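Hey, can you work out the whole structure from these sequences and the hints?
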Amino acid sequence: MHSLLIIHNSKTRHDTASVSANADHVLRSCGYLIEMATTREEAVSGIREADASILQLPVTEINSWGQLLMAQKTAPILWWCTDETATLSVAACEDNIMVDGILAPSMLAQEIHWSLHFSAKLCFERQQWLKEREQLLSRIEERKWIDMAKGILSKAKHISESEAYELLRKQAMNERKRMVDVATSIVNVYQLLQD
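Straight run, no breaks: the sequence shown in the numbering used here ends on number 195.
Note that these hints are calculated values from the structure, not bench results.
Careful, some of the hints might be misleading.
Below 30 Å or equal to it, Euclidean Cα-Cα: the simulated DSBU-like pairs (lysine-lysine) are [as the list claims (entries may be wrong)]:
| hint | residue 1 | residue 2 |
| --- | --- | --- |
| 1 | LYS73 | LYS144 |
| 2 | LYS155 | LYS121 |
| 3 | LYS131 | LYS121 |
| 4 | LYS155 | LYS131 |
| 5 | LYS121 | LYS144 |
| 6 | LYS131 | LYS144 |
| 7 | LYS157 | LYS144 |
| 8 | LYS131 | LYS157 |
| 9 | LYS155 | LYS144 |
| 10 | LYS177 | LYS144 |
| 11 | LYS73 | LYS131 |
| 12 | LYS144 | LYS170 |
| 13 | LYS170 | LYS157 |
Being a predicted model, the structure only gives us computed values, none of them experimental.
Below, the structure written as structure tokens:
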């Protein structure tokens, strides 16, 4: 991981006393290439080349920025936690804040490197879990259609549900369609006839 996109609020003060606490200053001194963004357009453009993004923002702004960034590219998102960005109480933190890690100006270079490394791992695991979740929800939805079609067939043809399942399976093979597509057609026709 070499290139980082730092997103900061243009209203954030950058006086000389806080320069050493700025993510830009600290991360450059650790050897990272830094791109800065203050607007959504700059962030969308900058994330394409970045290996990770650092949000130097109040905790309440993390999720909206995180969603924007993840829509563009799967890359770790870390929060730059300072006195300035952590001014809110713990109550302001939601349970589902979209960050893969937290960095602070007091961290040593080695700590920053390891934090970025583990954040990348967490980011890609989170993406895998989201994909698996989508697949499971899709299978559940397909199962609902198949179960409804089995119920309709068993009632209409006076057969058991296992026989209705076999009938569905054979029909799907004959039509060279997925079972869920045949089941959806049966349910839709049945509902049309009921109306």
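Okay, the hints, checked on the actual structure:
no., hint, in the structure
1, LYS73 - LYS144, "33 Å, violated"
2, LYS155 - LYS121, "51 Å, violated"
3, LYS131 - LYS121, "16 Å, holds"
4, LYS155 - LYS131, "36 Å, violated"
5, LYS121 - LYS144, "35 Å, violated"
6, LYS131 - LYS144, "20 Å, holds"
7, LYS157 - LYS144, "20 Å, holds"
8, LYS131 - LYS157, "39 Å, violated"
9, LYS155 - LYS144, "17 Å, holds"
10, LYS177 - LYS144, "17 Å, holds"
11, LYS73 - LYS131, "15 Å, holds"
12, LYS144 - LYS170, "19 Å, holds"
13, LYS170 - LYS157, "15 Å, holds"
Checked against the numbered hints given earlier, this structure breaks hints 1, 2, 4, 5 and 8; the rest are met.
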